[in-house]
Each structure stands twice: as structure tokens, then as C-alpha cells.
Amino acid sequence: MSERADWTSAREAILYQSCCSCGAAQYFPRAFCAVCGGDVTENRASGEGRVYATTLVCRAATAETRAHLPYNIVLVDAVEGFRMMAHGEKDLAIGDEVVARFEPLAGRIVPYFVRR
Amino acid sequence: MSFITGVGLTSFGRHEGASSLDLMSRAAELALSDAGLVRREIDGVLCGYSTVSPHIMLATVFAEHFGLKPSYAHAVQVGGATSLAMAMLAHHLVDAGVVRHMLVVSGENRLTGQSRDAAIQALAQVGHPDYEVPLGPTIPAYYGLVASRYMHEHDVTEEDLAELAVLMRRHALAHPGAQFHEPITVADVMASKPVALPLKLLDCCPVSDGGAAFVISREPTGEARIHVRGCAQAHTHQHVTAAPALGELGAQIAVARAKAIAGLDIADVRYAAVYDSFTITLAMLLEDLGLAKRGEAAALARAGHFSRDGEMPLNTHGGLLSYGHCGVGGAMAHLAETHRQMTGRAGARQVRDASIALLHGDGGVLSSHVSMFLERVR
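Keeping their order, the protein sequence lines are chains A and B.
First residue of the first sequence: 1, per the numbering used here; consecutive thereafter.
First residue of the second sequence: 1, per the numbering used here; consecutive thereafter.
The set of hints was computed from the structure by calculation and includes no laboratory data.
Quick caveat: nothing in here was measured; it's all calculated off a predicted structure.
Some clues are possibly wrong.
Short, incomplete list of chain A residues facing chain B, as computed with Cβ under 10 Å [to be verified]: (1) V40; (2) N43; (3) C58; (4) A60; (5) V74; (6) G81; (7) R83; (8) E97.
Okay, the calculated beta carbon distance ranges per label pair [said to hold, decoys possible]: (9) B:R345 / A:E48: 51 to 61 Å; (10) B:S33 / A:G38: 55 to 65 Å; (11) A:V35 / B:A96: 26 to 36 Å; (12) B:M1 / A:R50: 28 to 38 Å.
Some chain A residues flagged as far from chain B (calculated, every beta-carbon gap over 10 Å) [claimed, not checked]: (13) S18; (14) S21; (15) A24; (16) C33; (17) T41; (18) E42; (19) S46; (20) R50; (21) A53; (22) V57; (23) Y71; (24) E80; (25) A86; (26) E89; (27) R101; (28) F102.
Ideal Cβ placement from N, Cα and C applies to all residues, glycine included.
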């Protein structure tokens, strides 16, 4: 996939795709809907969601990420209907209503969820 | 029909100076000897992969090195499910008459051949390259996410998970080839260094050097008559971000298919060999497979149900958690141990009755699953 105007290319944005045929939302970009094969449109997400899972990472594999230890990696179910991985406040719990900000990590920016 | 006619397993841990090919060769030699076969009788080779020495044609690299000229050979890559995926493929190829004696082999100097950081970093790449890996996850982090959700939905505690680490360690104490020989307690697991909470160091399998092999043949080559009764796979996703809900994971799908193919039920199983990369992996798979009720794997472990003399002996060699994990060979050790149990050759670890075994492997982040029933026939 070519560069997208989201956090993976240093823009403070979360993008997702929705299917023109079946309406399914997907986070990992593709040229088609992974449910039905239909055409997709790209949308900017509100950044709002709910925590699905969390893990506090205390052992990293690279020097760049080690400098940030410990950090909380979360899976968030966005209100738009897709799930994404991100960072978040260390005390986030499953079920918390959250909203995305962006924080630096290892020379880039990553989505960082805080309680709403 | 297909029969597992021989198994070979090296010790796991440190094998200073041994390459992946060396470890594969040692395991292959043991498996051939166990099957009573010589090199020229092997007409098929399946192998896994080596993260230390990646190669686009590992099976033929190995065949040349070991001295084989097979009529069928290639590598297979399904992460932690590779072991049983190879066994399943070997079964079907042998059953279809394509191959007479398939050598399945893997080995890796994953511990001494690279730094721990390199090993952890290499494995983290199963994550999505753009939308997961840049967040600095590790394999324990992917499983830490799953663990947090599973514990949340099913009231499982960290102490519960620790029971499974303690059980695997107790089993490893009875196997001279295991990487770890010091007993541990639930308190030790709880006090071990945090890795990706809720997972701590002793909830995680180690990185090991080691090798494993087995031969799957059209006919028995000796007295052992252990045949593949039925097997099946399920693949629901690759990345944890795209995983289905906990109640819809591939283990349940794969085992349901395997039961139908084998005409067996969980009540028929006498020995279990289940992938245990982390304590959470083992707890979830035991419950998904139906070897424990939802949320009860730890209680059963505590009560001795999965012990050598319990109702459902499990991973009596110590599993990945305590025998060790050298990559693809790690879960091949489960099959090697199962074969030794089924043929009454497990020595001090021998269980009463291993006439029917259920094996299960998981690759990625509960992404790829293979379930297999083995049966001893007369």
C-alpha cells in the first residue's frame, strides 16, 4: 500500500475504510472490502472508542522502544466499527471509553488513547 | 493410513557451536534410527524454517547436507502450527501414495545463534508491518493482549495461569533433555520479571537450541503401530488486531473438524499434547479444545488432572514452557513425547494409557490451528 495520510506517515490522524456495498469497516487498508470484495471509501475516524484489551509492555526488543518502557499497548474498538492497536494511558482498563491523541515513540508518532 | 514410525528429539537448551543444520541432522539421525530406516529409504522431506539461518529452499539444503535425494521436498511455514501442519501434510501425502517414508525435520540454534533481542525482534514481525510493529509490540505483548481479554471475560487470574507454568516445570523435571531442571511455585511465577503484563517471565516459554524429527510411513516399520486417525486445520486471521471474538477462535473449529474426520470425541482421548507458548495459550487451548470447561483449566491442573498420573496427562516432557522452544522443533517435541508415551517408552514419565492422543498446535497469535488425533492400533 502506498503512503497514507495517517499516523503511519507522521500525520495526526486515524483512517479507516468502509465498504460501499456491505458497509463493513476495516482498519488495515486494501483496494477492496475484505468481507465482500466491494469498493471501499477512506474516512477519517473520530478517535473515539472503547478499550478491548491491554498489555503493559515491560520488555522491548529494540533500543529505541526500550527508552519508552514501560508502555501500554491497547486494542481499541472504534465507534466507527473497526478495531485498532495503539498505545494508551498506563491505567486504562478493558471497557474504558477513550479518545485518541498522538504521542512520539521511537522517532515517529503513534495513536495514544486517554479516558474520555 | 499413515503411521508415525520413528521420532527423534535432541535435548533443548544451549548447543554451543551447533548450526540449525547440525541440530536438524542430529534429530533426523535419531528419527531414522528409531524407525529402523536408512537414508536411501527416505523419499520425502518436509522441514520447517530457521529464523537464525533463513533460506528459500531449506528442505533441499537439508537433504543435500544430510545425504538424501528425495522425490518430494519442501519447507512449510505456519509459525507454531508448522509441526502439526507438516505431520498433517505428511499423513495425506503418504496416504495418497505420493511418498512412502516422509522425514519431517526441524531444528534451530535460536538461543546461541543470535542475541535474545534479535530473537524477540524477529518473532514480533508476525505483527502487521505498518499498523502493529511500529507500536513496539513483542510476541508476549500480542499474547498479553489476548490474556487480558480472556481473564476479563472468564474470571481467570494471574495465579490461575501460573498453575500451568508450575505443571509444565514439574513435568520437565522428569525429562533429562529439558532446558529447565529447577522446580517452581505459583509464587515464583508471580514474582518473576514482568514481560508484557499480565504475562511475566515464567508465563513465557524460553528461547532454545534444539532439534526434532519424525518419520511418517505408509506401513509400520517395527512393532510400533501409531497411526494418524484424523486431523484438520483452521485459520481465522493473521494479526491479533483482526482476530475474531474469543468464542470464535480457530482451535474450536479445527478440533471440531478433526473429531468429525476421526470419528472420535474428547471423551476418547487418553493423552493430550497442546501448544503452550505462554500459560495463557495453554489455558485457552485446553478450554477451546474441550479438555477443560471454560475458565477451569487452572483448577484442573491444580487438582492433578493433567499430571502424569492424572486423568488427562498433558505435555509430560514439560512443553514449550519448560522443555523449551527452538522454533518449529519446539512443538515437534510434543509429538515426539506423545509417540514415546503411546509406544510405552517414556520411562519414568510413562502414563497408564496413551492409546489415543489429541495434539494441537497454534501459530501466529492464535491465528493458525491444527488438531490431530493419533491412535495406537494392533
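Practice task
Identify every previously stated hint that the structure contradicts and give their numbers, smallest first.
Solution key: Those not satisfied are hints 1, 2, 6, 8, 12, 21, 22, 23, 25.
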